[in-house]
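J.: In order, the protein sequences belong to chains A and B.
Residue 198 in numbering that gives the first Met the number 0 sits at position 199 of the first sequence, with consecutive numbering throughout.
Residue 32 in numbering that gives the first Met the number 0 sits at position 33 of the second sequence, with consecutive numbering throughout.
Please keep in mind that the hints were generated in silico from the structure rather than gathered at the bench.
Mixed in with the good hints, there may be bad ones.
[Unchecked claim] Far from chain A, some chain B residues (derived; all Cβ distances over 12 Å):
#, residue
1, GLY225
2, GLY282
3, GLU320
[As the list claims (entries may be wrong)] Derived pair list, reagent style BS3-like, types lysine-lysine, alpha-carbon separation capped at 25 Å:
#, chain 1, residue 1, chain 2, residue 2
4, A, LYS158, B, LYS9
5, A, LYS144, A, LYS155
6, A, LYS158, A, LYS211
7, A, LYS144, B, LYS9
8, B, LYS9, A, LYS155
9, A, LYS78, B, LYS128
10, A, LYS144, A, LYS89
11, B, LYS92, B, LYS149
12, A, LYS181, A, LYS158
13, A, LYS78, A, LYS147
14, B, LYS349, A, LYS170
15, A, LYS132, A, LYS147
16, A, LYS170, B, LYS92
17, A, LYS89, A, LYS78
18, A, LYS147, B, LYS92
19, B, LYS149, A, LYS170
20, A, LYS155, A, LYS170
21, A, LYS181, A, LYS147
22, A, LYS158, A, LYS147
23, B, LYS9, B, LYS302
24, A, LYS31, A, LYS44
25, A, LYS155, A, LYS181
26, A, LYS144, A, LYS132
27, A, LYS31, A, LYS253
[Stated by the list, open to error] Sample of chain B residues facing chain A (criterion: CB under 8 Å; computed from the structure):
#, residue
28, LYS9
29, ARG167
30, THR168
31, GLY171
32, VAL172
33, LYS210
34, ILE219
35, GLU222
Here a beta-carbon is modelled for each residue, glycine too, at the ideal position from N, C-alpha and C.
Spelled out from the first residue to the last, the chains are:
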Amino acid sequence: MMDAMNMSTDTNPDSYVTDDGRTIGGVVMDLKNITLRFGGVVAIKDISFDIREGEIRAIIGPNGAGKSSMLNVISGFYKPQEGEVWFRGKKRPPMRPYQVAQQGLARTFQNIALFDGMSVLDNIMTGRLNYMKTNMLQQAIWWGKAEKEELENREKVEKVIDFLEIQHIRKTPVGRLPYGLKKRVELARALAAEPSLLLLDEPMAGMNVEEKEDMSRFILDVNDEFGTTIALIEHDMGVVMDLSDRVVVMDYGKKIGDGTPDEVRNNQDVIDAYLGVAHD
Amino acid sequence: MFYREAGDFKTSYREDNQTFPIRLDRAGYWIALIVAFLVIPFFVNDYWVNAVFAPFFIYAIAALGLNILTGYAGQVSLGTGGFMAVGAYSVYKLMVAFPDVSIVFHVLIAGGITAVVGVAFGLPSMRIKGFYLAVATLAAQFFLVWLFNKVAWFYNYSASGQINAPERTVLGVIVTGPNTEAWAKYLISLVFLVAAAWFARNLTRGMTGRKWMGIRDMDIAAEIIGVNPLMAKMSAFAVSSFLVGVSGALFFAVYLGAAEAGESFGITKSFLILFMVIIGGLGSIFGSFAGAAFMVLMPVLLKNVLVGVLGWPTALAAELEFIIVGALIVIFLILEPHGLAQLWRLTKEKLRLWPFPH
């Protein structure tokens with residue numbers, strides 16, 4: 000059974016169509032034998048998995064399993080001691096996080112990382128920064144190129160605002176917003192970048208049932224309407240099993256399961272990790 | 000009752016984006032500009048220009064510069080006085096070396112030189128933040144003043160160690176030197192101030208400003224969404240130092256006429272401009288104006304009241320002035336830590352509802 004689950008998708012690069020009619024393409028991000036150490040602590044131990052175009056890929060595991068570290072490796076924040084990151088069929092050289100962002104990756108954080116002193120609109124506009132090409136002199140003069148570019152990007156941002164239903168707080172400083180809305184604004188900022196791979200670190204942490212439902216709907220809609228590939232970390236098993244196409248399970252820095260939600264649910268190692276196992 | 004958005008419909012993002020979204024504000028802005036350019040120049044005399052307008056305008060440019068660095072990009076600097084000195088000595092050397100080139104260019108190039116120096120002293124900001132960066136910029140302050148005092152080439156080996164602004168004209172009007180008319184002094188400072196404010200406003204409302212504010216509010220998040228922290232910080236140092244350099248050039252060439260590095264551009268100048276920015280409001284263009292106005296006008300006002308109205312001796316009034324201005328700063332900061340700009344913002348919010356309570 001483990002063999003079937005770990006069957007690498009590399010051998011099957013052809014796209015397929017899911018039950019709900021979405022097309023899942025080839026591999027976008029391929030992580031090969033990643034090992035990450037902090038001094039003597041091994042946070043990630045020789046993990047390999049891939050993310051395919053158009054899918055929702057979940058990373059789950061108990062606390063301290065190394066999920067967030069994994070996301071930080073993908074977004075370029077941590078540099079793994081061993082292993083390779085392949086993005087769009089090319090090996091990624093060591094990069095600063097802002098260079099990774101320029102390649103088309105966007106992410107949200109477990110504990111919201113918005114710019115508190117700026118309005119919602121300005122926060123989301125920052126997501127457009129890889130699309131704005133005018134130089135500082137043009138911006139200082141404003142008339143002409145800079146203004147035109149600003150307005151074009153504003154229109155794109157307004158679409159995201161409409162999509163996430165946050166029109167009413169457009170001009171509110173982010174610091175004044177409640178938690179659930181902040182999470183939504185952070186998603187909006189990531190979406191404004193029109194990423195080819197969107198990383199969500201616990202998008203539903205600390206939310207009530209209603210907010211979770213809203214957020215789930217947005218995640219599904221983003222994936223469905225824009226075809227955005229999404230990798231997410233989440234603790235709510237119900238949500239994970241409902242949303243994702245494939246799930247990676249981590250425990251103590253190791254991969255203990257990988258496959259569709261049903262496969263993972265019936266994996267004995269995963270059950271042991273979550274429920275504990277008797278030591279005899 | 001008239002101060003509100005109601006009925007002023009915005010039908011494009013361009014209109015929604017404008018600096019003054021409320022009609023009354025827009026009217027006020029244009030009226031202020033017209034009065035400043037077309038009315039005041041005909042009435043100003045030497046006293047008003049030298050005591051009020053010239054220092055207010057020139058300090059406001061420096062405050063705009065420091066506000067970009069500290070208020071928008073979140074990098075504390077105590078080197079403002081030193082950077083003003085760079086602007087002043089650059090413009091002096093340029094004026095002497097190229098007497099045929101217009102002083103407008105000299106001032107702009109002096110700003111450019113200051114920008115380069117500012118970036119050089121801003122490099123430590125890559126590694127250090129907050130108070131530690133403040134100490135590093137303090138080194139710039141002391142080093143630059145020492146340099147201009149020590150190396151005689153900077154003051155053209157003059158016996159007094161001072162630099163004196165030679166007479167220069169713009170469009171045939173004398174703007175520097177002892178023979179400058181009050182209105183010319185006023186106008187040239189005003190033109191530079193309006194240009195600087197326009198420049199600063201456009202930069203801060205666009206993507207450059209958002210990058211700066213991103214770095215200020217959460218540098219890690221900014222980097223994750225694609226802001227290059229090195230470029231963002233260095234551009235803030237460059238733009239800020241440019242404006243501070245222009246301010247220093249005007250301060251020497253137009254306002255003072257003669258300067259000596261330690262006396263005119265010492266550490267007290269750095270603090271004075273930092274106070275302007277903090278009292279005016281960090282991260283606000285209006286705040287830079289308000290802070291400069293407060294720090295320049297309050298002592299003048301107090302002096303006039305104490306000496307002119309109450310008839311107290313000048314020496315006593317001078318001492319009291321320090322005490323009262325100091326107390327006012329403390330009171331203001333306790334009442335409104337976010338400065339005059341926030342006070343103004345709150346007033347506007349109240350005004351929009353007035354006369355209704357909700």
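J.: Does the alpha-carbon distance linking LYS144 of chain A and LYS89 of chain A stay inside the 25 Å limit?
T.: Distance of about 35 Å is beyond 25 Å: violated.
J.: Verify the proposed pairing of LYS78 of chain A with LYS147 of chain A, using a straight-line Cα cut of 25 Å.
T.: 39 Å, violated
J.: Run the distance test for LYS78 of chain A versus LYS128 of chain B: straight-line Cα separation, threshold 25 Å.
T.: Given that 25 Å is the threshold and the Cα spacing comes to 24 Å, the pair holds.
J.: Is the Cα-Cα distance between LYS181 of chain A and LYS158 of chain A 25 Å or less?
T.: 18 Å, holds
J.: Does the nearest C-beta of chain A fall within a distance shorter than 8 Å of the C-beta of ARG167 of chain B?
T.: 26 Å, violated
J.: Hint check: is the beta carbon of VAL172 of chain B less than 8 Å from a beta carbon of chain A?
T.: This interface hint is violated because 26 Å lies over the 8 Å limit.
J.: Against chain A, is ILE219 of chain B within 8 Å by beta-carbon distance?
T.: With a closest approach of 7 Å, the ILE219 of chain B hint holds.
J.: Does the structure keep LYS132 of chain A and LYS147 of chain A at a Cα separation of 25 Å or less?
T.: 11 Å, holds
J.: Would the hint on LYS9 of chain B stand, with a C-beta cut-off of 8 Å toward chain A?
T.: At 12 Å from the nearest chain A Cβ, LYS9 of chain B fails the 8 Å test, so the hint is violated.
J.: Can the restraint linking LYS144 of chain A and LYS9 of chain B be considered satisfied, given a maximum Cα separation of 25 Å?
T.: Measuring from Cα to Cα gives roughly 22 Å; hence the hint holds.
J.: Measure nothing beyond the straight line between the CA atoms of LYS89 of chain A and LYS78 of chain A; if it is 25 Å or shorter, mark the hint as holding.
T.: Holds. LYS89 of chain A to LYS78 of chain A sits at ~17 Å (cutoff 25 Å).
J.: Would you settle whether the hint for THR168 of chain B is holds or violated, based on the nearest Cβ-Cβ distance to chain A being less than 8 Å?
T.: With Cβ-Cβ at 27 Å, over 8 Å, it is violated.
Of the numbered hints listed earlier, those contradicted by the structure are 1, 2, 10, 13, 16, 18, 19, 21, 23, 28, 29, 30, 31 and 32.
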